[in-house]
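Chains as they are written, first to last, in the numbering used here: chain B, 4 to 198; chain U, 14 to 738.
Only true hints are included.
Just a few of them, taken from the derived set where beta-carbon distance is under 7 Å, the chain B residues facing chain U:
# : residue
1 : 14
2 : 22
3 : 36
4 : 118
5 : 122
Chain U is nowhere near these chain B residues, computed Cβ spacing over 12 Å in every case:
# : residue
6 : 63
7 : 73
8 : 98
For the record, the hints were derived by calculation from the structure and aren't laboratory data.
All C-beta atoms in this analysis are idealised placements derived from N, C-alpha and C, irrespective of residue type, glycine included.
This is what each chain is made of:
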Amino acid sequence: MNRFIAVETDRCIGCGTCLAACSEAHRKVGLQAEPRLSLVKTSGVSAAVTCHHCEGAPCLQVCPVAAISRVDGAVYVNEQMCIGCKLCAVACPFGAIHPSGTSIAGVVGVAYDTPTFPAGMSSLLKWEIGVTTCAVKCDMCSFDPEGPHCVKACLTDALRLVDGDAAMTDASIRRRWSAQASELAMRTTSRIRRS
Amino acid sequence: MEKHMAVCPYCGAGCKINLVVENGKVVGSEALDGITNQGEVCLKGLAGYDFINDTKILVPRIYHPMIRREKGAELERVTWDEALDFTAKRLLEIKATYGPDSIMLTGSSRGPGNEANFVMQKFTRACVGTNNIDNCARTCHGPSVIGLMDTLGSGAMSVSIPEMEEASCVMLVGYNPCDSHPIVARRIVKAKEKGAKVIVCDPRAIETARIADLYLPLRNGSNLAFLNAFANVLVTEGLIDKDFIEQHTNGFEEWWKTIERYTPESVEEITGIAPDLVRQAARMYATSERSILGWGMGVTQQRQGVKAVHQLAAIACVTGQIGRRAAGVAPVRGQNNVQGSCDMGMWPSLYPGYQKVSSPETREKFATAWGVPVEQLSDHEGYKLTDLPHGVKSGEIHAFYNFGEDPLQTEPDSADMEETLKNLDLLISQDIFMTQTTALADVVFPGTSWGEHDGVFSASDRTFQRFTAAVPPKGECRHDWQIFSDLSTRMGYPMHYEDTHEIWDEVRSLCPNFYGATYERMEGVGYAQWPIPDPDKPGTPTMYLGGTFNTSDHRAILMAADYVAPTEMPDGEYPLVLCTVREVGHYSCRSMTGNCRTLALLADEPGYVHMSPADAEVRGIKDQRLVWVYSRRGKVITRASVDERINEGTVYMTYQWWIGKCNQLTMHVTDPLSGTPEDKHSACEVARIDDQMWAEKHVQTLYHDLKSRLASEAAAQDIEPVPVA
Numbered sequence: 004m005n006r007f008i009a010v011e012t013d014r015c016i017g018c019g020t021c022l023a024a025c026s027e028a029h030r031k032v033g034l035q036a037e038p039r040l041s042l043v044k045t046s047g048v049s050a051a052v053t054c055h056h057c058e059g060a061p062c063l064q065v066c067p068v069a070a071i072s073r074v075d076g077a078v079y080v081n082e083q084m085c086i087g088c089k090l091c092a093v094a095c096p097f098g099a100i101h102p103s104g105t106s107i108a109g110v111v112g113v114a115y116d117t118p119t120f121p122a123g124m125s126s127l128l129k130w131e132i133g134v135t136t137c138a139v140k141c142d143m144c145s146f147d148p149e150g151p152h153c154v155k156a157c158l159t160d161a162l163r164l165v166d167g168d169a170a171m172t173d174a175s176i177r178r179r180w181s182a183q184a185s186e187l188a189m190r191t192t193s194r195i196r197r198s
Numbered sequence: 014m015e016k017h018m019a020v021c022p023y024c025g026a027g028c029k030i031n032l033v034v035e036n037g038k039v040v041g042s043e044a045l046d047g048i049t050n051q052g053e054v055c056l057k058g059l060a061g062y063d064f065i066n067d068t069k070i071l072v073p074r075i076y077h078p079m080i081r082r083e084k085g086a087e088l089e090r091v092t093w094d095e096a097l098d099f100t101a102k103r104l105l106e107i108k109a110t111y112g113p114d115s116i117m118l119t120g121s122s123r124g125p126g127n128e129a130n131f132v133m134q135k136f137t138r139a140c141v142g143t144n145n146i147d148n149c150a151r152t153c154h155g156p157s158v159i160g161l162m163d164t165l166g167s168g169a170m171s172v173s174i175p176e177m178e179e180a181s182c183v184m185l186v187g188y189n190p191c192d193s194h195p196i197v198a199r200r201i202v203k204a205k206e207k208g209a210k211v212i213v214c215d216p217r218a219i220e221t222a223r224i225a226d227l228y229l230p231l232r233n234g235s236n237l238a239f240l241n242a243f244a245n246v247l248v249t250e251g252l253i254d255k256d257f258i259e260q261h262t263n264g265f266e267e268w269w270k271t272i273e274r275y276t277p278e279s280v281e282e283i284t285g286i287a288p289d290l291v292r293q294a295a296r297m298y299a300t301s302e303r304s305i306l307g308w309g310m311g312v313t314q315q316r317q318g319v320k321a322v323h324q325l326a327a328i329a330c331v332t333g334q335i336g337r338r339a340a341g342v343a344p345v346r347g348q349n350n351v352q353g354s355c356d357m358g359m360w361p362s363l364y365p366g367y368q369k370v371s372s373p374e375t376r377e378k379f380a381t382a383w384g385v386p387v388e389q390l391s392d393h394e395g396y397k398l399t400d401l402p403h404g405v406k407s408g409e410i411h412a413f414y415n416f417g418e419d420p421l422q423t424e425p426d427s428a429d430m431e432e433t434l435k436n437l438d439l440l441i442s443q444d445i446f447m448t449q450t451t452a453l454a455d456v457v458f459p460g461t462s463w464g465e466h467d468g469v470f471s472a473s474d475r476t477f478q479r480f481t482a483a484v485p486p487k488g489e490c491r492h493d494w495q496i497f498s499d500l501s502t503r504m505g506y507p508m509h510y511e512d513t514h515e516i517w518d519e520v521r522s523l524c525p526n527f528y529g530a531t532y533e534r535m536e537g538v539g540y541a542q543w544p545i546p547d548p549d550k551p552g553t554p555t556m557y558l559g560g561t562f563n564t565s566d567h568r569a570i571l572m573a574a575d576y577v578a579p580t581e582m583p584d585g586e587y588p589l590v591l592c593t594v595r596e597v598g599h600y601s602c603r604s605m606t607g608n609c610r611t612l613a614l615l616a617d618e619p620g621y622v623h624m625s626p627a628d629a630e631v632r633g634i635k636d637q638r639l640v641w642v643y644s645r646r647g648k649v650i651t652r653a654s655v656d657e658r659i660n661e662g663t664v665y666m667t668y669q670w671w672i673g674k675c676n677q678l679t680m681h682v683t684d685p686l687s688g689t690p691e692d693k694h695s696a697c698e699v700a701r702i703d704d705q706m707w708a709e710k711h712v713q714t715l716y717h718d719l720k721s722r723l724a725s726e727a728a729a730q731d732i733e734p735v736p737v738a
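Required output: the full structure, derived from the provided sequences and hints.
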């Protein structure tokens, strides 16, 4: 059985509270502060996108150092073991891996970044001097028995934890998510039409 | 671990939270079950506590008083006694030479709270002897305050935030709740799920446009033409409530004389909205059981802000969509306590509780309460905040006391504002951070931060709520009301308060509409919604019940005006419209949110210019690339966000970025009726930068230089004053 976080796009208001909750929670337990969800806004859809903890997780399969494992139905990265090769990010079909590291800017004195690449560059290609990148991804807040912080933080209950019970008992909701996921993936529809 | 009850210091939604304290440091925040937030908070409420701990991500906090002994001298840390004596002497000199009206003050609509503001305006009126006191509502909902007082008699939301989800139709004009007030957006999503219709009128396809039943993408700067056409349909299609008009309003005939000419067809070229869509929207709004009409800066920061508010009020009145539960007007206030600043009389024509300075009885009442001769209280309206640049240039204003605001960041045309502040004889800045404005000050007073003091905030829907200190004051920081009292005492008008409770009781005793809002009632997650004249009776969630307005004859006044185009239209040289907007993760001048680790991680300099894919393509601009934006006022570097939700021909920037500072581009032209700048409409051009690596480094260099300059100004506080022998 796998578990994942699903988004109801009609409820998402694009406020980013889930990203902030994710960042705060992980930073406080000594993990990377980079949010493990991204906010996607197209003309018709707003949605927080994150890991699906796939059954056949390609990220897990391609990791050359076995830093990725499955723990209690969730796909989990050991940030200390990760070597930053980004193969998992290349393999992920959802763009749910966020290569990131702790910048050394500010370690001695004022935080002063020295960019060596444009900010718009793909995170797969970014490499900053002195920064060890690791694969940052959703771990379902496995350090907290109360579950994912993003789900708890969402103001409009747009985010929902899909685990065994909910998924088994509520097939109609699953179909609804599936339809919305397709919409998000294909981006073919726009409910907003300019006159 | 301890928990201390507070109210979020960011938007006007008034979310109740607990601050979590460990070892004397605020380490987190948790939502409480407050009346407006129901146990939810947005990202700022969740991660916005960090700045209290002086993270120095953006700017350092100020812990000690400092002065410049003469213009242009270095800042020097001094004792409180010396700082207060120096300031009192300088203010008294300026008052003696140029008169009390040469001194201008601004209140703080942010962390300090109502009590601090009340004491400041008391100092302004009773000690300095002027009504030159204003607050940042001038640059935001000033037109709503003025426009609604003109028409309905009170300048606030007539409904409350919880009622938003009970409405059967929510119509939003120039208001983006998902970025401005996520907690209000949550109510709109809930209303929609309960079956409410949603109408969104905005040039950008904002978040709520996605869930709207009708989306009207009106052209930038066309509000009044659109509203007049909307009103025209209400009458021509028989959608008006004749009984309500007859019994509760004045001026219908006169109003119609103007509105009659505005058929949807006649303004289609201006608004860009198909006539049929205007008709559908008017029908949906008017025929719904309970409609709420909400608006924001998209209405107010325009050339005709006040007149558009007049028309919004008229639309609610002629359809009878006001004065019932979940039917009314909702100008949702931006900053956490901007409603409170207005409540406390940080307004050049109003005493606390909206009592007019022009009224002899009011002056008599306050003079008696404050123990001053009535002649000492000025009988004429003071200067507005936006009068400052002109007032300094013309030699009428010589001193400016800035309380917790950063006009150099938040007011239009920064270059002009900088010159204004530099040309003052005396600039006093009372703040918690070394902001860009504070760095120019001759006197720097360190106040305590939100989280370090008690008080009452007014949420946007007139809800008073208490907040408490979580940690003790740092360094030599003093409570704002103590600083004003000490300064006033030195200037010959002694003031002393033991705590905020004592101040609040004075506020209540002077403002009949606030009298029932006792500290006891507001214990814990308690609240009090004004008007609340009686401590034993509940407050007023919905105003004007049964159509009883707060005008002299209790009837609403219908007002109409002709549409006038914006001041600066795009042309060949500057072909794009620049509109300033808000983004959700940061707040005001960013001195608070920019010093919070999570919020700074999610969005940092130089911010963005949002533009349509078509406008980006013709300029060769790609998403996330750095670009130049320039106008007749200046030129800034920022990052492009090529965004499908943006209308062609207009670009959008947020005003909190210090490098990508849109206020270097905006112009100082104001609505003559309110003095509110026309921030929503000026002309600009965007150009691509070919050498992106140079541009990235350039941004970092500018950012570093600015942060270093402010840190070095603040460093003066680390040198202890030499004791006088």
